Amino acid sequence: MDFSIEITGFVALYIFMLAAFAGWVIIGHVPAILHTPLMSGSNFVHGIVVVGGMFALLNASTVQEQAIGFFAVLLGAGNAAGGYAVTHRMLAMFQTSGHADKR
Amino acid sequence: MTSIAQLIIGVTDLAAAFLFMYGLKRMSSPVTAPSGIFVAGIGMLVAILASFLYVFDAGASAKPHLVANAGLGVVALIVGGGVAWWAGKKVAMTAMPQMVAIYNGMGGGAAGAIAAVELFSARVPGAVQLVVTLLGALIGAISFSGSLIAWAKLQGVLNKPLRVKGQQIFNGLVMLTTLAVGGYIVFVADRGVTPLIPMPDLIWLFFGCALVFGILMTLPIGGADMPVVISIYNAFTGLAVGLEGFVLQNPALMIAGMVVGAAGLLLTLLMAKAMNRSISNILFTNFGTVVQRKQGDIKGSLKPVEAGDAGIFMRYASTVIIVPGYGLAVAQGQQKLYEFVKLLQGAGVSVKFAVHPVAGRMPGQMDVLLAEAGVPYDLIFQLDDINEEFANTDVALVIGANDVVNPAARTEKSSPIYGMPILNADKAKKVYVVKRGEGKGYAGIVNALFYGDNCDMVYGDAAAVLGKMIEAVRALGTKAAA
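For the record, the sequence lines run as chains A and B.
Residue 115, in my numbering, is where the first sequence stops; the numbers in between run on with no holes.
Residue 1089, in my numbering, is where the second sequence stops; the numbers in between run on with no holes.
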């Protein structure tokens, strides 16, 4: 069986349109109190670029391509790992009065 | 083997795309948000592990290099991920905006680098794909170099906005050059003609121009506008990732990138609205040169009081609303503030926090800083939810904030902040303003609130002032107010 993916022009436009709409709606519901974690959270999500970096690196056939591909994975991994670390840290800080230990 | 690898990659990427959107959705409430980032993290991890299966799908020319390439991939993942993880765990909450800027720039740089590999290997199949690759490369490169400048400004490495005459025109020329080089690359590849300079040089030139443009575009923007700029670059990186996702035929990248692109755009617009400025105004004009309001228009005088007296007054009030600003974070006074609030609560005072959307150096940063100090989020209220309450409140304590409580935004048509949504602290029965000195806010305008009959000034470092207030209230004992 063939599981390769082929996305042509119009299909791409449909994907982009629906994804952009989804992003707009999902984020529109987030309260202002969470805007900083949200920004770093969405920052984390585009860290998925590291997967594209892996593709580029694994398909590299010259030293130049290897070097740039390495660079892409390095930066993408930093984006993903760092974005996760700071978002998780920030969100863990939010607590309600019910959880507050001392009053 | 190839089709099995494709199947696994297809399924994991689909799962990752779903988990990203589900995770972001869960982030819409503080209760579910921590689990939201966790599920998104699972999606990321699975997608990264599955990406090694690309070895079974690699092109013929890459076959002899597969082991080396996979090894390089592991090293890059461990080094890049490890360093960023460590930095993210260590960074102070006040330095969060510049950290987000760095991570964001890395994402843009990665998208640009992917485009570079595709361009140098001449794998891109048609003119449309080539245009998309170049567009993603351009946006990614601008986001990369621009985010680095934004980081330098927030970190204080670069202090003054750099503005020269004719800058806009020069920047425009650099942009046009970049586009022209890009157009020429497409023309050469499409028609199969021999380029005037070798193709690799053209590609380098293209990236060089794009990177320079990112720097030039960010240099003139003032440090206080950087949050908006970071948000724009966040959207840019998302867009670049989405476009490169199309080039690589990877729908997970397309979806994740475009979701972030749209989300970043929405956040940028919200933020610009809260600052009462348009995006183009932030990017292309100088905010520092606004006409200063004449001092003579203000009636009344500044009335300084002792911190202890103000503290005692609040202890015998029944309702207090606190308006924290970035000055509080600069003085590292959040812990002290919450200590003081707990004392007031112990004495039976109802205390709420009112946070302006742009308090801090990025939207929502003040909420994070308060949460870090242990303030429960159900005490924190946003502008629209609390503004009506000021009129029925005994005391408004403005601490380290200025422009966001300036009534000129409501009344003074000539004021540069006219129309900006503000917190109506001036409507409270009594207002205390904790300030370092008599200086003006970021907008450089006089604040009529400070001169009002109901307003007293408490001068001093926020943390020190709060220390004195705590001391004075403690001295009264812990019995609830009669």
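Do not take every clue at face value.
[Said to hold, decoys possible] Simulated crosslink set (DMTMM-like; lysine to aspartate or glutamate; CA at most 25 angstroms straight-line): (1) B:K959 to A:D14; (2) B:K943 to B:D1001; (3) B:K632 to A:D14; (4) B:K1037 to B:D992.
Hints listed in this document are in silico derivations from the structure and should not be mistaken for laboratory results.
Being a predicted model, the structure only gives us computed values, none of them experimental.
Hints, verified against the model:
no.	hint	verdict
1	B:K959 to A:D14	violated (60 angstroms)
2	B:K943 to B:D1001	holds (22 angstroms)
3	B:K632 to A:D14	violated (33 angstroms)
4	B:K1037 to B:D992	holds (20 angstroms)
Hint compliance for this structure: hints 1, 3 are broken, all remaining hints hold.
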